Amino acid sequence: MTDPILQIKDLTAGYADSSTPVIKHLNYTLNRGDFLSIVGENGVGKTTLMKTILRQLKPESGSISYYPDDHAVHIGYVPQFRNIDGEYPLSIRDFVALNLTGFKLPWLSQSERQKVTEMLERTGLKHLANRPMGQASGGEKQKAYLAQALIEEPDLLILDESTASLDPISKNDLLDLVLEINQKFGLTVIFVTHDIALAKKYTQKFLMLTPGKFIQGDSADLSTEEIWGMMEAHV
Amino acid sequence: MFRFEFMQNAFLAGTIIAILCGVIGVFVIARNMSFLTHTLSEIGFAGASFGVFMSWPPLNGMILFTTISSIIVGQLSVKQERRENVISAISALFIGLGILFLSLSNKNASYATNILFGSVIGIGQSDVIQISALSVVVLAVIFVIYRYLKFDSFDPIGAQVRGVNKTLLSIVFLILLAFSVSVAAQIVGSLLIFILLTIPAAVAKYFARTVGGMMTLAVGIALFGVWVGLYLSYLTNLPVSFFIATIEAALYLVALASKRWLKTE
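Heads up: the sequence lines are chains A and B, in that order.
Remember, my numbering sits 112 above the position in the first sequence when you count from 1.
Remember, my numbering sits 2 above the position in the second sequence when you count from 1.
Hints are supplied without guarantee of correctness; some may be wrong.
Claimed, not checked - Distance condition first, Cα-Cα at most 20 Å in a straight line; then the derived PhoX-like pairs of lysine-lysine:
1. 168(B) to 163(A)
2. 163(A) to 136(A)
3. 168(B) to 216(A)
4. 296(A) to 227(A)
5. 170(A) to 216(A)
6. 216(A) to 227(A)
In short, the hints are calculated from the structure, not lab data.
Being a predicted model, the structure only gives us computed values, none of them experimental.
Given the sequences, and given the hints that come with them, work out the whole structure.
Have a look at this one:
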């Protein structure tokens, strides 16, 4: 039985300073608990699609619907780059807690501190909680970004090229963690990547963006060779 | 020393100013606004001169000018790459205006010196009350918006992704900064305000382990500079701003040197 969290209907989207839309007539339904990879080369509209899903860009036509309603779906987004001065006295614990916003007391409550500790445990960062962000490795930083996005308990998590600058071990380490959270807690995940091998290894579904064409599939319905063939023919 | 009412007032005002500067300075450093703070001090000079010209208290003129100009600077310099040019242009304009208003007001050179370099004996009880009231307002607003301000200052991309209203937050912070500049100018003068607003936090950045720790350390460093500066000024009869500037600058150099030394260890 399907339980949609997000439905893209005949979406056309682009930027005001360009006459040609980047995304044209895209249809896609994302179900709760899905782990979807969005694959495509530069300029095919991955960022445009993400901005539209994040409601930062209005569609030119078509729509994106969220279920049960637009305000009920909370999206956690992990961007590829961060601008954090390595000299700031910002520990990994502090960094994760930054996302606990609101007009609240400056210091964390007991339950919030507990929540941060649990999230550090879940993402394997507990032993590094007091390490300054400036001294964290690339993989540890990505895990901290992930923990920060997860602390507000999103319904949908978007990883935007999060593995792009990591070494192979750290890539697998991060995605093992995301997969575990996806399977254990049913978190819906969109993983934007150039890396076809990682997409195939970790995600159940894929959506490939190519100039003028979208290919979508379910790993369970296709053999590895078929998906590889389809993807490599276009990317 | 505390037999004299003016020294009591100076210490009280200095303490409040140091606490305010230590707290807001953390965000000035994190938001990379040291140059803007320097410019606001020059704008403060123009505002104070305007206040004198209008026969207002200089503090009121400073608040008016720094608030308006900080919003203008904030709006004009949304794009990082043009921020410094905008600030330079506005800075030049306001220094010129400051000189004009001072000239039109027919006040003597010592009045200009007081505005530029601050004055210990010039702080009366009503000034202490006004400084306290403004500082409480600034600190109260920071208390309320602290979590958003911290998020946006230390992880701007994360805050943007979370949907924090960055434009509104930036304007509110600039107004708070304008108030802080106006308040701090009362003791160190408009020319040297940025010393208390930037150096203590810049030093604290190197030694603190958390943002809260950075704030506490910055307040401590600002308090040390102000208290020792006031004491030495009382002893020597030399300008307090000279001592505060020298102490804070020396602390910064020591911090830099020890940071490098620790790195090479």
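Verification of the hints:
Distance hint between residue 168(B) and residue 163(A) is fulfilled; the C-alpha atoms sit about 17 Å from each other, no more than 20 Å. Distance hint between residue 163(A) and residue 136(A) is fulfilled; the C-alpha atoms sit about 15 Å from each other, no more than 20 Å. Restraint check: the Cα-Cα separation between residue 168(B) and residue 216(A) comes to about 18 Å, which is no more than 20 Å; the hinted pair holds. For a cut-off of 20 Å, the pair hint linking residue 296(A) to residue 227(A) stands: about 18 Å separates their Cα positions.
For the hint pairing residue 170(A) with residue 216(A), the CA-to-CA distance comes to about 32 Å; that exceeds 20 Å, so the pair is violated. With a C-alpha separation of about 16 Å, the suggested pair residue 216(A) and residue 227(A) falls inside the 20 Å cut-off, and the hint holds.
In the structure shown, a violation is registered for the earlier hint numbered 5 alone.
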